[in-house]
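Let the hints inform the model, and build the full structure from the sequences given.
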Amino acid sequence: MHPGLNLQQAPPISVPFRFFIAAPLFGAAAGLTLLAFGPGVLVSRWAPTTLASTHLVTIGFIGLVMCGALMQMLPVIAGVVIPRPILVSRMVHLLLVVGTLSLAAGFHWWSAPLLKLSAALLSAGFVVFVAAVSAALLRARGGDSVTAMRAAVAALAVTVALGVFTALELVSARSGPNVASLTNLHLAWGILGWVGLLVCGVAYQVVPMFQITPRYPRWLTRHLAPGVLAGLVVWTALYIAGDDVPALAAPAWLATWIAVFITFAVTTLRLQARRRRRTEDVTRAFWIVGMLSIPASGVLWTAMQVGADSALVNRLPVLLGVCLLIGFAVSVVNGMLYKIVPFLVWFHLKRSAQGAACPDVPNVKRVISAGRIRWQFRLHLGALGALILAALWPAWPSYLAGLALVASFSLLWANLAEGALVYVRVTRDRRKRQPVSLASAAAGADSPRGIETPPR
Amino acid sequence: MASIQTRMTDDHQRCDALFAEAEELVTEERWDEAAVRLEEFSRAMDRHFRMEEEALFPAFEAATGITAGPTEIMRSEHGQMRLLMEAMTDAANRHDRDDFLGQSETMLIIMQQHNAKEEQVLYPMADESITEGREHLMQQLDET
Numbered sequence: 002m003h004p005g006l007n008l009q010q011a012p013p014i015s016v017p018f019r020f021f022i023a024a025p026l027f028g029a030a031a032g033l034t035l036l037a038f039g040p041g042v043l044v045s046r047w048a049p050t051t052l053a054s055t056h057l058v059t060i061g062f063i064g065l066v067m068c069g070a071l072m073q074m075l076p077v078i079a080g081v082v083i084p085r086p087i088l089v090s091r092m093v094h095l096l097l098v099v100g101t102l103s104l105a106a107g108f109h110w111w112s113a114p115l116l117k118l119s120a121a122l123l124s125a126g127f128v129v130f131v132a133a134v135s136a137a138l139l140r141a142r143g144g145d146s147v148t149a150m151r152a153a154v155a156a157l158a159v160t161v162a163l164g165v166f167t168a169l170e171l172v173s174a175r176s177g178p179n180v181a182s183l184t185n186l187h188l189a190w191g192i193l194g195w196v197g198l199l200v201c202g203v204a205y206q207v208v209p210m211f212q213i214t215p216r217y218p219r220w221l222t223r224h225l226a227p228g229v230l231a232g233l234v235v236w237t238a239l240y241i242a243g244d245d246v247p248a249l250a251a252p253a254w255l256a257t258w259i260a261v262f263i264t265f266a267v268t269t270l271r272l273q274a275r276r277r278r279r280t281e282d283v284t285r286a287f288w289i290v291g292m293l294s295i296p297a298s299g300v301l302w303t304a305m306q307v308g309a310d311s312a313l314v315n316r317l318p319v320l321l322g323v324c325l326l327i328g329f330a331v332s333v334v335n336g337m338l339y340k341i342v343p344f345l346v347w348f349h350l351k352r353s354a355q356g357a358a359c360p361d362v363p364n365v366k367r368v369i370s371a372g373r374i375r376w377q378f379r380l381h382l383g384a385l386g387a388l389i390l391a392a393l394w395p396a397w398p399s400y401l402a403g404l405a406l407v408a409s410f411s412l413l414w415a416n417l418a419e420g421a422l423v424y425v426r427v428t429r430d431r432r433k434r435q436p437v438s439l440a441s442a443a444a445g446a447d448s449p450r451g452i453e454t455p456p457r
Numbered sequence: 031m032a033s034i035q036t037r038m039t040d041d042h043q044r045c046d047a048l049f050a051e052a053e054e055l056v057t058e059e060r061w062d063e064a065a066v067r068l069e070e071f072s073r074a075m076d077r078h079f080r081m082e083e084e085a086l087f088p089a090f091e092a093a094t095g096i097t098a099g100p101t102e103i104m105r106s107e108h109g110q111m112r113l114l115m116e117a118m119t120d121a122a123n124r125h126d127r128d129d130f131l132g133q134s135e136t137m138l139i140i141m142q143q144h145n146a147k148e149e150q151v152l153y154p155m156a157d158e159s160i161t162e163g164r165e166h167l168m169q170q171l172d173e174t
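Chains A and B, in that order, are what the protein sequence lines are. For what it's worth, my numbering labels the leading residue of the first sequence as 2, then goes sequentially. For what it's worth, my numbering labels the leading residue of the second sequence as 31, then goes sequentially.
Because the hints were derived from the structure by calculation, they are not lab data. Every residue gets a Cβ at the ideal spot worked out from N, C-alpha and C, and that includes glycine. You may find that some hints are simply not true.
Restraint-style ranges between C-beta atoms, simulated for each label pair [claimed, not checked]: (1) ASP120/B - ARG352/A: 18 to 24 Å; (2) THR257/A - ASP172/B: 44 to 50 Å; (3) ARG77/B - ARG223/A: 30 to 36 Å; (4) SER159/B - SER173/A: 56 to 62 Å; (5) THR257/A - PRO88/B: 34 to 40 Å; (6) ARG77/B - ARG142/A: 23 to 29 Å; (7) ARG429/A - GLU173/B: 47 to 53 Å; (8) LEU422/A - THR97/B: 37 to 43 Å; (9) ASP120/B - TRP394/A: 34 to 40 Å; (10) PRO40/A - ARG124/B: 35 to 41 Å.
This is the structure in structure tokens:
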């Protein structure tokens, strides 16, 4: 038997869902932080509360969804199964949730014990995750997507190690100037490596799939991930070398790889423009925002490198953070959730009916109401706009941005919960109707309220 | 010699194109044209399924000795897609745009992840393992 070749090994629905349903709450918490502490959060990238709310978004929202999605998608697109998925997902979920909360609290109150605790919890959570996913990824086949995912997971390991090291350095007595350098390394590996490469790996698959576009050009998909990974290693060496190499070496080298991501973003937008499928699709709208944020971030980063010291240039680091995290990463992740969650509800309800006709299963467009998805997209755009404003003029727009973030993430949570409830309700109704034979219950019963019976 | 991978992947893309056209016609509520395109799509899919179920899968099973695993799952997914195509046709006959678009969205996801598994795992393995009787198989695929 071929190891790892079993094409129907989707993990139980609880595996990805526990991550998805927790994630928006962290995004809302970041919004609440902004509401509570106002302009103080966006004045500098180094303010404790800024670090707290940033990590609520990066680990709490982006990280949780990406972990859950990777555990879900690996079996489907790479044909490999994650060992002990329920146990692994419970452990990773618990460690990351508690770890992120203690990290945010640790930053906010600048508490050494809490920061140390969070370093221990988060590194434990990510070690379990990386180990489980690597075990599967090493056996996977599936070409350039899998290569990009392997590179992304390697970058995640480096990001976490750098993050833990930075946190310990922060709380140690010898807290010195290298904390800033460590932080820059940490976020380059996190954004370009982990988030960037994972988005590329997923995009190679899902953009042509869902919109029926031409495929990504092979020259791009083959070289992007290995190139970026090697590029980050070299850049790290240049960065650490500091004064021993020409001052422009490290930024010039990094600029090359930022240009590669801009090429990816432009390619994605051009493929989407040539899509065969023309139906209205909110996920695509989220992706357009995400892809446009990549060149915008490139421009901001360049301005930061060349700009003279001025009030405006001093605002750029926070603006860049907003553009990368909310504009790019949150948009893409948020959009993907609206494809993944309805499909999983449909898929698992069908599967649990074991082949019987099941008129009680709604089609994927009836799992979450389309109107509320559109509203959440508008709120997300509003939050992004308000955050850009607040990054430039923190005073009152900070409160507006906080409010918009809370609203957007709360509605996202409600939408995902609506999907989860459909699953729970149909499953419960099936049990109630006929505990003996699930198949006949599913075939013979009326559909639950609110879900129209599809034709048979 | 032409690869199974190329041959079958091209056929997937042909089906995808018909799917997208039918869906767009329904979006615009051009029901008569939609019905024609949908019929073409169903026929193209049915032919593709038969190419696999009657020629490729048996050859794959004979060459690899794997009978219970991947091909069985592919066959059951064909069954799911046949049901979804029926639901799409039914919705189109009733001129129910929303129902059609819901069914077609479901169909697209099932179809695309099914294709991905075939293109990335099954076809490459078939290309590696099916050496004997290959010309006969390619001929069978053409004649289906």
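Starting from the hint 30 to 36 Å, judge whether the C-beta atoms of ARG77/B and ARG223/A obey it. Holds - the Cβ-Cβ distance for ARG77/B and ARG223/A, about 33 Å, lies within 30 to 36 Å.
A range of 18 to 24 Å was offered for this pair. Does it hold for the Cβ distance of ASP120/B and ARG352/A? Holds - the Cβ-Cβ distance for ASP120/B and ARG352/A, about 23 Å, lies within 18 to 24 Å.
So the hint says 34 to 40 Å: do the beta-carbon atoms of ASP120/B and TRP394/A match that? The hinted range 34 to 40 Å is violated for ASP120/B and TRP394/A, with Cβ atoms some 56 Å apart.
Taking 47 to 53 Å as the hint, is the beta-carbon distance of ARG429/A and GLU173/B inside that range? holds (50 Å)
Go ahead and decide if the range 23 to 29 Å is satisfied by the Cβ distance of ARG77/B to ARG142/A. Holds: the Cβ-Cβ distance is about 28 Å, inside 23 to 29 Å.
Between THR257/A and ASP172/B, does the C-beta distance stay in 44 to 50 Å? holds (48 Å)
Mind checking the hinted window 56 to 62 Å against the Cβ distance between SER159/B and SER173/A? holds (58 Å)
Verify the CB-CB distance for LEU422/A and THR97/B against the hinted window 37 to 43 Å. Roughly 40 Å apart at Cβ, these two residues keep to the hinted range, so it holds.
In this structure, is the beta-carbon distance linking THR257/A and PRO88/B contained in 34 to 40 Å? At roughly 51 Å between Cβ atoms, PRO88/B and THR257/A fall outside 34 to 40 Å, so the hint is violated.
Distance restraint hint 35 to 41 Å, applied to the beta-carbon atoms of PRO40/A and ARG124/B: Roughly 57 Å apart at Cβ, these two residues miss the hinted range, so it is violated.
Checked against the numbered hints above, the structure violates hints 5, 9, 10; every other hint is satisfied.
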